[in-house]
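**Q** Sequence:
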Amino acid sequence: MDSVTQTIVNYIEQTDVTNREDLLSVARIAFLDYLASLAPAENEQAVQELARFIGAKSSISSDVGLDMNSSVLSGKVISEGNTGLAIENVSKADKALYYGFASHYLDFDDAQANLAGHFSTVLYSALLAVLEPHDTWHDFLRAYIIGAELEGIIGSLINPAHRTQGWHSTGTVGVIGAAAAIGALRGLHGESLAQLLSLAATQSAGMFFQSGTDGKPLHAGLAACNGVWAYELLQHTSLKTSTKPFDPERGWFKIIGKTTVTSNDIASRWLAPGQLIDPGLWMKVHPYCSAAICGAEAAEIVAHRLYTSSSYVSKHNYLSPDTEEQDQCRLCTIPDFSLWDEIDRVTVHFPPGADAALRYTSPTTGREGQFSIEYIVYQVLAYGAVQDELFKIDIIDSSIRDYMSRIERVYDLPKVSQTERITKVTVILKNGDTFTETVNNPKGSPNNPLTMEDIRIKLGLTLKADQIDRIIEAFTHTDEVEPFLQTLRKEGVLHV
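Residue numbers (UniProt numbering): 1 to 496.
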């Protein structure tokens, strides 16, 4: 075992988070946010098709055959009109594939700046797949924290070059984090743990050209799936792999990360204070790329400042809401809100390279629009807030693309570290008036995190209030994870 791999193995084995309530509290919120991201995706056609594929594939051994048109999923019939996905007797790896794909499908899940990707979609999907009935919340959350820590540290060592080259670290690094989390939960040690990390690392994959397609959430699903598959293979066979996956001379960091990493690079960063704390997680109130969150909030502030300005009020002959009403409605859709008749042009200001993930300047589909600051700012200036349903449309109308053509990107903000985000939006009206706003700590950012009430609202996009009450009650009053999962299944949130 090389020195870097040995260091990583030691930290996975020895990490104790008993007295790290700061990390545990973030991990708890992250799990609920993961569920809130997964639940609405289960109604999506692509997610249901993957479930049918998994179910039909699992049924082959029962002589059902791979019939994608069958309503039989592993022998269980889904009643007409039921959008729930009930798949029984599937492999643990396929469970992880489904959960990872579904929880990342809407791009509603959390992200982290060092990783330049998504933690929870991969880690919690893998952990749910290998969970045993006796596993406690402490063990479950400890495993997540360890996986997140390793992913974040790896990201800090290889980014931004890894991202700039075109890799999607949710896939490339996520599979390694999944293996670390699984190894921690299932109590692997020494060479067994090194081999699991090794087999995961050799399956590292995921390229960012898939953004805006179903291929991107598949990266999350495959990372979780491959981590679980590696664990099961090594547990049930006598196959052996290299125990030097992170060898400084010819290991993963040198090959994929194109950098030399020492054991001290890992040791000096491990839980100091922790990747979930610094730089922390970005959580979302709308399903689009987190690189657009600052710009979206800046656009919302500008839009509502313009909408309530004296010149706009007098021209359109309506009563301006008072300050309290403005605060309450800033993130709400306003009928007949559109400001585009008044707008000459819009400029979105970024630091150099900060918009790399927002690869579509003129998206043609709603899915591409999730990675377009132009499409997101268009929505805010047309409706007063982002409209989630517009990310589901098949073809973006040419009239909308005409509006987007008035939006340009410039790179005149000072360069920031990869853990910081800042965006400025400038709106220039046809009469020459200019409105501008700069945002660096929007709602959902590490310095302005989602609260439990925000998570309840996010869960409420799919679930009823009484369902949420029962879920939160079970979440806070069970020592083991399985009783909580049983509650989720009863409420129709988990189906695999």
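Hints listed in this document are in silico derivations from the structure and should not be mistaken for laboratory results. Take the hints with a grain of salt, since some may be wrong.
What follows is a list of derived Cβ distance ranges for each label pair [to be verified]:
hint, residue 1, residue 2, range
1, THR419, GLU13, 49 to 59 angstroms
2, MET452, LYS490, 15 to 25 angstroms
3, GLY190, GLN45, 40 to 50 angstroms
4, GLN14, PRO449, 23 to 33 angstroms
5, SER309, GLY353, 47 to 57 angstroms
6, LYS315, PRO160, 43 to 53 angstroms
7, LEU233, THR262, 26 to 36 angstroms
8, ASP394, ASP344, 23 to 33 angstroms
9, LYS430, HIS477, 54 to 64 angstroms
10, PRO449, PRO483, 38 to 48 angstroms
Beta carbons: idealized from backbone N, C-alpha and C, even for Gly.
**Q** With reference to the structure, classify each hint as holding or not holding.
**A** Right, here's what the structure says about each hint:
no. : hint                                : in the structure
1   : THR419 - GLU13: 49 to 59 angstroms  : violated (28 angstroms)
2   : MET452 - LYS490: 15 to 25 angstroms : holds (21 angstroms)
3   : GLY190 - GLN45: 40 to 50 angstroms  : holds (45 angstroms)
4   : GLN14 - PRO449: 23 to 33 angstroms  : holds (29 angstroms)
5   : SER309 - GLY353: 47 to 57 angstroms : violated (34 angstroms)
6   : LYS315 - PRO160: 43 to 53 angstroms : holds (45 angstroms)
7   : LEU233 - THR262: 26 to 36 angstroms : holds (30 angstroms)
8   : ASP394 - ASP344: 23 to 33 angstroms : holds (31 angstroms)
9   : LYS430 - HIS477: 54 to 64 angstroms : holds (58 angstroms)
10  : PRO449 - PRO483: 38 to 48 angstroms : violated (27 angstroms)
Of the numbered hints listed earlier, those contradicted by the structure are 1, 5 and 10.
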